[in-house]
Every structure is written in C-alpha cells, then in structure tokens.
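Based on the sequences and whatever the hints tell you, model everything.
Chains as they are written, first to last, in numbering that gives the first Met the number 0: chain Y, 0 to 204; chain E, 0 to 202.
Fair warning: there could be bad hints in the mix.
[As the list claims (entries may be wrong)] Okay, the calculated beta carbon distance ranges per label pair: (1) Ala28/Y x Asp199/E: 19 to 27 Å; (2) Asp137/Y x Val76/E: 22 to 30 Å; (3) Trp60/Y x Asp199/E: 50 to 58 Å; (4) Val141/Y x Arg167/E: 50 to 58 Å; (5) Leu61/E x Ser140/Y: 38 to 46 Å; (6) Asn174/Y x Asp199/E: 18 to 26 Å; (7) Gly65/Y x Ser195/E: 54 to 62 Å; (8) Phe196/E x Glu1/Y: 51 to 59 Å; (9) Gly65/Y x Ala91/E: 19 to 27 Å; (10) Ser198/Y x Asp163/E: 30 to 38 Å.
Hints in this document: simulated from the structure, not taken from any laboratory.
Every residue gets a Cβ at the ideal spot worked out from N, C-alpha and C, and that includes glycine.
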Amino acid sequence: MENLNLFIRSIFVDNMIFAYFLGMCSFLAVSKNVKTALGLGVAVTFMLVITLPINYLLETWVLKPGALAWLGEEYASVDLSFLSLIMFIAVIASMTQLVEMAVEKYSPSLYASLGIFLPLIAVNCAILGGSLFMQQRDFGSVWTAVCAGGGWGLGWLLAIVAIAAIRERVASYSNVPKPLRGVGITFIITALMGIAFMSFLGIKL
Amino acid sequence: MAEKISYKTILFNPLSKDNPVITQILGICSALAVTAKLEPALVMGLSVIAVLAFANVIISLLRNTIPTNIRIIVQLVVVAGLVVIVNQLLLAYAYDVSKQLSVFIGLIITNCILMGRLEAFAMSNRPWPSFLDGIGNGLGYTIILVIVAFFRELLGSGTLFGYDVLQRFGYTNNGLMILPPMALIVVACIIWVHRSFNKDLQE
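As structure tokens, then:
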C-alpha cells in the first residue's frame with residue numbers, strides 16, 4: 000500500500016518536470032511532436048525503472064556509511080559515500096549502453112523507434128536525479144525504489160507528451176509574439192502546467 | 000583554423016549572444032531549481048564555472064587520445080570526478096549552502112552545458128581557448144542564474160542575499176515567486192527581452 004502511495008505521489012506530486020525541473024533539456028528539445036515525445040518518455044521510464052533499483056542496491060550494500068559491514072568487522076567503519084556520484088553515473092551510462100545493445104539484438108523494431116533516444120538518456124538529469132533523490136530519502140526496500148522509478152518515469156512521460164501536444168497546436172494555430180516563439184512560449188506553458196500540478200500537493204493517499 | 004577566432008570572442012560571446020541558457024537552451028534543469036535565493040544561485044554558478052573550465056581543459060588535452068565511440072563515457076567520468084571534488088569542498092567550507100543545493104550539485108554532471116561544450120568545443124580546440132570557452136559559458140550561465148534569483152528573492156521574500164530590502168516599506172511577499180514555476184516565467188521574460196533586441200535569434 001505504501002509503495003502504491005509512493006508510486007502515485009511520484010507521478011503527480013513529485014513530478015520530475017513540474018516540481019523539480021529535471022530533464023528539461025531533452026524535454027525542450029524533443030517535444031516538438033507527440034510521437035517522438037512518446038518515444039523518449041518510454042525510454043526514460045524504462046531506464047528509471049532499471050537504474051533506480053540497481054543504484055539502490057549499490058547504495059545499501061556498498062556505498063552507505065557502514066554498508067560494507069557484511070564483509071567483516073574491520074569494514075564496518077568504511078564510508079564510501081563520496082564515491083556515490085561517480086558510481087551512479089557509471090551505472091547509468093553503462094546500463095544505457097547495455098540496454099541499447101540488448102534492444103538492438105532482440106527487438107529491432109523497438110530499437111528503430113527507441114534507439115536514437117537511448118544515448119540521450121545517459122545525460123538526462125531526470126535519471127541521475129532519481130538516483131540522488133533515492134539516496135536522500137532512505138527508501139525502505141528495492142520495491143520502493145522500483146515504484147518510485149516507475150512513478151517518476153511515468154510522470155515525466157505524461158509531462159512531455161502533454162507539452163508536445165500543446166506545442167503542436169500552438170505552433171499552427173496561435174499568434175505568439177515573435178520573440179517568444181519556440182522556446183519562450185514553451186517555458187510559459189510549462190510554468191502554467193506546473194502551477195496546475197501544484198493542486199495535487201495537498202492530496203494525501 | 001580555430002585560433003583565428005579571437006580569444007575575446009570566445010570569452011565574451013557566451014555572455015549574451017551565445018548565452019548557454021537562453022540561446023543554446025542548455026542547462027535549464029539546474030538553472031531553474033536553485034534560483035529561489037541569490038546565495039545558492041551564486042554558489043551554483045561558481046561551481047559550474049569551475050567544473051566547466053577544468054573539464055574543458057582536461058578533455059581538450061585528451062582530445063587526440065579518446066576513442067570516438069566511448070567519448071561520452073570518458074567525458075562523464077572526467078566531469079563526475081570534478082563534481083565530486085567541488086561537492087566535497089562545498090561540504091567542507093559552505094555546509095549550509097550545500098544543504099540548500101542538495102542534489103543539484105550532483106546534477107552538474109548531467110548538466111547539458113557541460114556535455115554540449117565538451118562535444119562542441121573542447122573536442123576540437125586547444126587547451127587555452129577551451130579554458131576561456133569554459134569560463135565564458137560558465138559566466139553566461141551564472142548571469143542568468145543571478146538575474147532570475149534576483150527577481151525571485153526580491154519579490155518572493157523581499158530580501159537580497161538575506162538582507163531586508165522591500166519589507167521595511169511594507170511589502171507583502173509574493174509567495175508565488177518562491178514556487179518553482181515562476182522561475183520558468185522569469186526565464187521566459189528574459190528570453191523575450193533578449194530576443195526583441197537580437198532579432199536574428201527569433202524563430
């Protein structure tokens with residue numbers, strides 16, 4: 000029940016884009032039409048669900064202060080937490096590479112639609128951000144990490160698809176002031192959606 | 000020849016015309032989240048300048064030895080190493096600010112400005128211009144951060160750097176300015192003003 004709660008909170012309340020502005024770069028660059036936006040959104044969700052549990056295990060068994068106690072008494076005082084940034088980004092970069100190769104081999108059709116986005120994801124702040132929030136919040140178990148990853152991913156997907164749909168309409172139907180065209184108006188739309196998403200803040204499940 | 004472009008252009012172009020945030024649209028993620036107050040925004044800007052300048056130099060020194068197909072990972076490792084150093088320094092000397100910045104120092108690693116500049120500039124230029132490019136782009140980023148933070152702190156809390164400015168005149172804080180979405184609106188306004196003066200940037 001608690002995990003379900005966290006899952007839903009991660010989608011709406013802790014939304015990666017509207018509450019934390021993570022992954023904005025690719026969010027702005029790839030949201031010109033709905034189809035590519037959906038592809039990137041799925042890829043981000045996928046990577047969050049994979050890397051968050053891995054980084055959680057890494058954090059719990061290797062990096063946390065005292066996490067190495069299972070190796071023996073003398074390791075109990077080792078604190079490797081200063082390494083966590085490098086470890087997390089290494090896991091994310093190598094997992095992206097791995098997933099890219101696996102997808103290419105086993106599902107060429109999926110690769111054709113997802114492939115170009117996978118390299119982009121290694122440098123998407125939403126993925127690393129997910130791992131860093133996980134570290135900050137002391138999740139209880141691997142399942143919690145999976146649920147949070149799924150929720151954050153879906154929230155990101157929701158946001159990018161919604162924005163892409165709005166941008167498609169804005170580009171063809173509205174008369175935006177010249178200097179605001181393109182990026183400027185996208186910022187304002189995102190901000191307005193962010194304010195709308197704040198109405199979820201009070202919800203307790 | 001890259002050397003033909005004067006060092007001055009490399010250093011000062013990113014401040015306005017080629018600004019990483021409002022023209023190249025890079026590094027938005029952190030630019031928005033740390034700008035509720037001036038102090039963290041300034042610290043964040045300085046950290047990015049330092050990391051960007053040194054990462055540019057290191058990658059530029061290594062540019063002929065890095066194999067093309069694993070260059071992203073090499074770049075990430077270099078950047079991550081520098082960010083760890085900055086993070087530890089902040090924890091040691093500016094603990095409060097580092098608590099406010101929380102995960103965003105770590106997120107410098109995936110800041111698109113870094114990858115963008117490393118790919119676009121450091122991979123094909125010598126160390127000294129790369130260093131200037133890093134400083135220039137870092138400054139461009141810091142300027143936007145400081146402008147956004149200035150308006151958000153002034154209107155949101157009525158203070159600047161924590162000193163009371165507006166409240167003594169009976170100003171009522173505009174709570175909306177503290178909330179994240181307002182950062183986007185302020186940046187959009189900056190883009191609006193900037194692009195009305197630079198017509199060639201308009202889409």
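*Taking the CB of alanine 28/Y and the CB of aspartate 199/E, does the distance hold inside 19 to 27 Å?*
Holds - the Cβ-Cβ distance for alanine 28/Y and aspartate 199/E, about 20 Å, lies within 19 to 27 Å.
_Is 19 to 27 Å respected by the C-beta to C-beta distance linking glycine 65/Y and alanine 91/E?_
holds, 21 Å
*That 38 to 46 Å hint for leucine 61/E and serine 140/Y (C-beta), does it hold up?*
holds, 41 Å
*Taking 51 to 59 Å as the hint, is the beta-carbon distance of phenylalanine 196/E and glutamate 1/Y inside that range?*
holds, 53 Å
*Status of the given 54 to 62 Å range, CB of serine 195/E versus CB of glycine 65/Y*: Because 57 Å falls inside the window, the suggested range holds.
*asked:* Assuming the hint says 50 to 58 Å, is it satisfied by the Cβ distance from valine 141/Y to arginine 167/E or not?
replied: holds, 53 Å
*Given the hint of 50 to 58 Å, check if tryptophan 60/Y and aspartate 199/E actually sit that far apart at their C-beta atoms.*
At 55 Å between Cβs, range holds.
*Indicate whether the distance between the beta carbons of serine 198/Y and aspartate 163/E respects the range 30 to 38 Å.*
holds, 32 Å
*Starting from the hint 18 to 26 Å, judge whether the C-beta atoms of asparagine 174/Y and aspartate 199/E obey it.*
For aspartate 199/E against asparagine 174/Y, whose Cβ atoms are near 21 Å apart, the range 18 to 26 Å holds.
*Do the Cβ positions of aspartate 137/Y and valine 76/E conform to the proposed distance bound of 22 to 30 Å?*
Given about 27 Å between the Cβ atoms, the range holds.
Checked against the numbered hints given earlier, this structure breaks none of them.
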